[in-house]
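Novice: Starting from the structure of chain A, add chain B where the hints point.
So the sequences go chain by chain: A and B.
Start counting the first sequence at 999; every next residue gets the next number (the numbering used here).
Start counting the second sequence at 47; every next residue gets the next number (the numbering used here).
Please note: incorrect hints may appear among the correct ones.
[Said to hold, decoys possible] Cross-link-like lysine-lysine pairs, in silico, DSS-like; alpha carbons within 25 Å at most:
hint	chain 1	residue 1	chain 2	residue 2
1	A	K1044	B	K379
2	B	K282	B	K54
3	B	K282	B	K77
4	B	K377	A	K1030
5	A	K1001	B	K171
6	B	K118	B	K48
7	B	K374	B	K418
8	B	K146	B	K168
9	B	K298	B	K278
10	B	K205	B	K53
11	B	K374	A	K1044
12	A	K1044	B	K377
13	B	K374	B	K401
14	B	K91	B	K54
15	A	K1001	B	K377
16	B	K171	A	K1049
17	B	K296	B	K53
18	B	K442	B	K377
19	B	K118	B	K168
20	B	K146	A	K1044
21	B	K146	B	K118
22	B	K296	B	K260
23	B	K418	B	K441
24	B	K54	B	K146
Keep in mind the hints are simulated off the structure, nothing from the lab.
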Amino acid sequence: MDKYRCEVCNYVYDPALGDPDSGVPAGTPFEKLPDDWVCPVCGADKSQFVKEG
Amino acid sequence: MKPYEIKKGIYWVGVVDWNVRTFHGHTYTTKRGTTYNAYLIIDDKITLVDTVYGPFADEMLEKIAHIVPAEKIDYIIANHVETDHSGALPALMRRCPGAKVFGTEKCRDGLYKNYYGKWEFKTVKTGDTLSLGRRSLSFIEAPMIHWPDSMFTYCPQEKLLLPNDAFGQHYATSERFDDEVDNSILMEEATKYYANILWPLGSVIARKIEEVKKLNIPIDMIAPSHGIIWRKDPFKIIDAYVQWAGNTTKEKVAVVYETMWGATEKMARRMAEGIIDAGVGVTLFDVNLSDRTEIISEMLDTKGFLFGSSTHDNDMLPGMAGFLEFLKGLKAKNRIASAFGSYGWGGGATQEIEKVLLESGIAVTQPPLSVKYMPDENELTRCYEFGTAFAQAVKKGGSDGSR
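The following block holds chain A by itself, in its conformation from the complex (with noise of 0.2 Å):
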């Protein structure tokens, strides 16, 4: 599963952990984030995000 990370504030999904606090189990690849989920550091939307290389 890809890392993507977010151009805005370089956050870094990581599809291992997952982002528990927004309620997102670990194991959860970044195309099956629901399309509301925002990044949990600066709150920029999905489209903002690019895979990692």
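Specialist: For chain B alone, coordinates are given in the frame of chain A:
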């Protein structure tokens, strides 16, 4: 006021804003005013680190002129795009149009979107260094401490860290250093600054402090962009940030409420008695009479929150709603809370409070307590017991579901 030499050949050329009483619009009250700190480094390349808020541009230029003509400035380091630090740039760039501005890519874009200046801008990244002659500067990107563009500047020859807004305080003083002022006031203002501005960014801050510690760079002075410079013990404020970023709390409760005709206030006061008698500290705030900035500051290391409101139009009262909306943005972790309030017929305030708590990720540890109109003695006893039970949950560290 003349410039102030903070290290040999390095001058504070900032300004003291004695009278500012609200900041960031009206999101932060600054009862002690603030300062905008800019630092001038005299070397082969004359360098200014950050500027001041726009209305004070002339005062900064006057201070610079005490040392060198502003026209001689070669480099300007823009650690942060926000206007209280970049506002004097347009005036400065008119004086030294050939100067090069250094900052992150996002700072470049942000400065352009604020001032539309056609300035020579060099983008820098973590690890980049800039030689000034005898000294050099290195840069550490610090996104979201506290904006995406933020960075720290470090001068290894001087062991000087210039972290812009990090480690700052809104505290207007004639003194410049931590060993010259009352340290309880200094820490009160540093706490307030962290609580109201940096609280939601704790995980980013903890990682950045780790990153800087691993660089193993000697630091004997931290000169932030607001308030007092840390030189007596720069690690005092770093250690405090580590504690706050780790969501360390004390066994304390903050009771915050809004009342229409005094019933909810009676409930709040009786709950506070129950909490005190259970051996837990408490602070009590009528949300409309108290200063929100101060309440948030008090809450930073407080484990438990009780929120009360009378029901009005089947909802909580607007002062409480505004307060909880602000609190939600702070993303408080490792806390517990419960709701209470008086109502007349349908009720609704406590349900609405719980809704916001759920959205905020704050665990609700006991069912709400609602009382119809004025509480009688039996109901006041229930309020007391509500406080006692909540104090017990705080003592247990909220092991029943908080995170």
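Novice: Are there hints from earlier that the structure breaks, and if so, what are their numbers?
Specialist: 7, 9, 17, 20, 22 and 23
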